[in-house]
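Mind docking chain B on chain A? Use the hints.
Residue numbers (our numbering), protein chains in the order written: chain A, 1 to 293; chain B, 1001 to 1293.
Hints should not be assumed to be uniformly reliable.
[Unchecked claim] Output of the computed footprint for chain B on chain A, the stretches with three or more beta carbons under 8 Å from beta carbons of chain B:
1. 87-98
2. 226-238
3. 269-280
[Said to hold, decoys possible] From chain B, some residues computed to sit far from chain A (all C-beta separations above 10 Å):
4. Ala1008
5. Gln1028
6. Asp1033
7. Ile1090
8. Glu1179
9. Ala1188
10. Arg1190
[What the hints assert, rightly or not] Here are the simulated lysine-lysine pairs, BS3-like style, with alpha carbons at most 30 Å apart:
11. B:Lys1197 <-> B:Lys1236
12. B:Lys1087 <-> A:Lys236
13. B:Lys1236 <-> A:Lys96
14. A:Lys236 <-> A:Lys197
15. B:Lys1236 <-> A:Lys87
16. A:Lys236 <-> B:Lys1197
The set of hints was computed from the structure by calculation and includes no laboratory data. Glycine included, every Cβ here is placed at the ideal spot set by N, Cα and C.
Number of protein chains: 2
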Amino acid sequence: MSATIAPALEIDAGDTVHIHTVDCFENQITSNDMDFDTVDWERQNPATGPVFVRGLSAGDVLKATIERIELDGRGLATVGPQGGVMKDYIEERHVKFFDLDTENNTTEFNGMTVPLSPMIGVIGNAPATGHVPNSTPGAHGGNMDCRKINEGAVLYLPVFHEGALFGLGDVHAKMGDGEVGISGLETAARVTVRLEKASGISTNHPVLIDIEGINMMVSHESLDEAVDESVRQMIKLLRPHTGLSLPEIAMLMSLIGETQINQVVDPLKTARFFVPHYLLEHYSIDLGRELKP
Amino acid sequence: MSATIAPALEIDAGDTVHIHTVDCFENQITSNDMDFDTVDWERQNPATGPVFVRGLSAGDVLKATIERIELDGRGLATVGPQGGVMKDYIEERHVKFFDLDTENNTTEFNGMTVPLSPMIGVIGNAPATGHVPNSTPGAHGGNMDCRKINEGAVLYLPVFHEGALFGLGDVHAKMGDGEVGISGLETAARVTVRLEKASGISTNHPVLIDIEGINMMVSHESLDEAVDESVRQMIKLLRPHTGLSLPEIAMLMSLIGETQINQVVDPLKTARFFVPHYLLEHYSIDLGRELKP
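The following block holds chain A by itself, in its conformation from the complex:
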C-alpha cells in the first residue's frame, strides 16, 4: 500500500462499493498436481484498489462499514517451513483445497464439519510514508488478519493522504485468532463496503466496532508491546467520553477489558484490546454503528 499508486476508482464519501478480490496467492494455485515452483510466492495478499474517497484528507478518519462478504465456492490453505508457529517442524509446503458450502456456511476438514466465519485479512489506507507490503499490518491497517472484520463490522482507519486511498483483499472463509499456521482458509470474494468520513472519533490506530463491542488494534514486532500499546490507546480513546480519572479507567479496563490477538505470524504481530458494548451504552458513546443485532 502506497500513496504513489494511482486510484483505480474515485467515489464520493458515503458511497457503497463492490470490491472483487482474488485470494492471497492471486489465484495462482489451482491444484495439488501443479508444480509449486511455478508459483510466484512474492505475489501475496494483493488488495484491490486504491479507492479515492472524495472529501477525506490527512488527519481524518475513514469509516468503512462491511455490508457483505460473498465468498467464492472454493478455498485453500497452506502450511510449510516458510512461516507460522510450526515452521521449524514442517519440511515442505502443503496445500489443501476446500469446497465452501456458502449456503450452510460450512466446509469439511478430513470429514469434520467446520463452520465458516468470513472475514477480511487485508484492509487499509495508504500509509503515512513510503509503501508498506501487503504482508504487513500497521497504523494504516493492512494485513491485520482480524477475524472480527466481518459482515456488519465497522472499521475506523486513520487517513494519511487526500482521498484515503483505500483497498482490501485477502479474504478468509475461516481463520482462528493467531493464524498460527500462517494461512487462513483463503478464497476469492466480493466485498460490499460503505466508505465515509467518520465523526466523533479520533484515533492513530485501526478501531473496530462489532456486535460485541469495541476493539483497538496495534501492530508491533513484539506481541508484549502490541498488547500494552493497545491498552494505552483504548484508554486514550475512551477516557474523554467517560469522565473517569486515569486510575479509575485503568481499574475498569482490568475488570471488563480483554487483551486479544489478531495474528502472531506476520512481520508485525497484531494485538487488539476489546471493551464490551455495555460500556459504550452506559456512557452514550456513539461511534456510528447500529448497536443492536
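Positioned in the frame of chain A, the structure of chain B alone reads:
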C-alpha cells in the same frame, strides 16, 4: 507453593473438598480510610492448602473439577505504580470497594452495572523443584489468572510430588483477559472442588476444559514465546487422538484454534491456546468432562 509445606488436609482421590479462601491481600484491606502503609503488600495471593490427595504421585495428572464458587458479598480492586500496563502513568495506589450482588451476579462501577464472572486466580500443585511464590504462574499452575477457571470447568494439572499438594486462592468476582491493571475484582470465597486422578491425558502444562472447548496454558516471561509454546503443546496433546499428520494438524489449528491471553501483568505472562469442542467430539476425545451445558 512448595513440596516442603505440610499438608493442611489429606483426602482420597475422588473426594470433594470445600476450600475457604481469603482475598488476594489476605483480607488486610478493610476501607479506603485506612493507612495503606500498614498493609503488608508482600502477603499477596495466598492459597489455601496444601491438600494431599492419596493415590497421586509424580508423573500423574490431577483432575480438578470446579463444582462451585461462592463469593463473599464484598470485593475490592486496586491500581497503582506497582504494576500493570498503566503503572508508569499512575502516581499512587488507588483502592475501590464493591458490593457484590451474588443473587443477580452483578456489581456496580460508578453507576454502571457490570456482570460478574467468578473465577479462581491461583490454583496449582507443588512445583517440581523449590518453591514458587503465589504471584507467579508456571507448569504447576499457580497464579495463572485464567477467567475460564470457573464453575463447571475441569482443570488438569501435572503432579510433581506424592499427594499432588494442591491449593487454591485469589478468587476474582470479575476479571478481563489480560488483567491489565494488575488487579481483578478480588474477594474472599468458598470453592467446592473434586480432586481425582486423571486418565487418558498426559500433559506438562495446565489444561482446562470448559463448555466451549479445550485450553492449553503456558507461562513465560515473553508473551510471544508463551503463545508459540501453547500452540506446540496443544498439537502435542491432540495429535495422537486425531491421526492427522503434523502439517495437517498445524493447518487445522490455524483455521479453528485461537491464541488467547490469561494475563500480561504477573512475573510470567500466561497464554492459552483454545480449540473448540467440535474437534473433541469429532475425534471422540474424552478428557473426562460432561460436554453438554
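So, going through the hints one by one against the coordinates:
1. 87-98: Satisfied; 4 residues make the cut.
2. 226-238: holds (count 5)
3. 269-280: holds (count 4)
4. Ala1008: Correct as stated: the minimum Cβ-Cβ distance to chain A is 31 Å, above 10 Å.
5. Gln1028: Holds: least Cβ distance 19 Å, greater than 10 Å.
6. Asp1033: Per Cβ check, Asp1033 (chain B) is outside 10 Å of chain A; nearest 18 Å; holds.
7. Ile1090: About 5 Å separates Ile1090 (chain B) from the closest Cβ of chain A, which leaves it inside 10 Å; violated.
8. Glu1179: 6 Å, violated
9. Ala1188: Per Cβ check, Ala1188 (chain B) is outside 10 Å of chain A; nearest 17 Å; holds.
10. Arg1190: 22 Å, holds
11. B:Lys1197 <-> B:Lys1236: 21 Å, holds
12. B:Lys1087 <-> A:Lys236: 15 Å, holds
13. B:Lys1236 <-> A:Lys96: Between Lys1236 (chain B) and Lys96 (chain A) the Cα gap is close to 22 Å, so the pair holds against 30 Å.
14. A:Lys236 <-> A:Lys197: 21 Å, holds
15. B:Lys1236 <-> A:Lys87: 15 Å, holds
16. A:Lys236 <-> B:Lys1197: The hint is violated at about 48 Å.
Hint compliance for this structure: hints 7, 8 and 16 are broken, all remaining hints hold.
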